Amino acid sequence: MKINISFKKLISSITLGIIGGTLFNFLNFPLAWMMGPMIFVTLGALSGVPVEMPNKLRSLFISILGVMLGSAFTPQLLGQASQFGLAFIIQILYMFLAGLTAYIIFRMLGKYDRVTSYFSCTPGGLSEMTLSGEHYGGDTRIISINHSVRILIIVTIIPFYFKFFEGIQVINNSYLKLEVWEFLDILLLSGCVLIGYPVANKLKLPAAPLIGPMILSALIHSLGFTEANVPDLLISISQLIVGTALGCRFTEKISLKEMVKIIFIAIVSAISMITVAVLLTYISINLIPIDTTTLFLSIAPGGLAEMSLIALALGTGTAFVTVMHFFRVCVVMLFGAIIYKITINKFNP
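Okay, so the sequence shown: first residue is 1 according to our numbering, each after it adds one.
It should be emphasised that the hints constitute simulated quantities derived from the structure, not laboratory data. There could be a bad hint or two in this list.
No farther apart than 27 Å at their CA atoms in a straight line, the calculated lysine-lysine pairs in the DSSO-like style are these [unchecked claim]:
1. K257 with K111
2. K9 with K202
3. K8 with K56
4. K8 with K253
5. K9 with K257
Here are the in silico distance ranges between beta carbons for each label pair [said to hold, decoys possible]:
6. E227 with L256: 49 to 55 Å
7. M259 with E227: 25 to 31 Å
8. L194 with E134: 41 to 47 Å
9. L203 with L60: 14 to 20 Å
Just so you know, these numbers come straight off a predicted model, no measurement behind them. Every residue gets a Cβ at the ideal spot worked out from N, C-alpha and C, and that includes glycine.
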């Protein structure tokens, strides 16, 4: 299938990503092959460098990450089933408090209209929130930039904080040991991508490229069909593509003055959301038998794939974090627009 994108833009994007990943890896920064490309491509995009990433290419490598994350699901996760009920309640409470705080910031500091403010503060997927905001008459440029900055700030701050302030070793290049694959392993893991993504997409599951392959991978690993894992090199390439794609979001045609204003307000709102996550984590940590890091990563509103990768790199509750963020995305997609219609639109004309 033909990819509708300038090859020149793709090459410049990948080149910036490789430079950023190589530098961050050399400096031993956390999640080097995602963070480096993300920051370098973002800076390039804001500087006017032509960058773009095909959705199909991004989805392919997100699917590979889904297979990797699925291998973290074990039968022991079922033993945590009783913890999910309370954790989901904490997640919903967080979404309300963080969303309300961000909404007030967008309305009072940004002077955005209620539609733009609501769909900018709702911690769901970028494309889903942008499309919903457009449907109700919001400013899609502001909505998309706000969500992009939220993910960028959260995904940047968290790994650096845990590495340099908490002293937790963040794994860069050795997530999983490279093993010799048998033909059956190749067949099974490839099938997770080739079957999982299309089926999840057909069922309209949130984050289909990640969730479909992840579910199939979790099944075949939990049932003992294979113990094989995605090679480190492929993981690094996948992180490179995901990080580059994040940076490519900052390509809106907008004046420098307005861009600076939007990004500043988005940073303020992102920091407020992190602050709410920290406070709620420490308030509720004694209510649920989960370590502080896992609970915090479970509610901090970064992207589903990105937060799962951070949990994996920190060596803490990857499956739990992934389930929690999948739940968050599902809640937002199912009820986000409904809540807007019965609250913001009705009582805040």
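Each hint, compared with the structure:
1. K257 with K111: Roughly 15 Å between the alpha carbons, so the hint for K257 and K111 holds.
2. K9 with K202: 30 Å, violated
3. K8 with K56: Roughly 17 Å between the alpha carbons, so the hint for K8 and K56 holds.
4. K8 with K253: Answer holds: K8 to K253 is near 19 Å, not above 27 Å.
5. K9 with K257: Satisfied, since the Cα-Cα distance of roughly 25 Å is no more than 27 Å.
6. E227 with L256: 49 to 55 Å: 52 Å, holds
7. M259 with E227: 25 to 31 Å: 48 Å, violated
8. L194 with E134: 41 to 47 Å: Because 32 Å falls outside the window, the suggested range is violated.
9. L203 with L60: 14 to 20 Å: Given range 14 to 20 Å: holds, Cβ gap about 19 Å.
Checked against the numbered hints above, the structure violates hints 2, 7 and 8; every other hint is satisfied.
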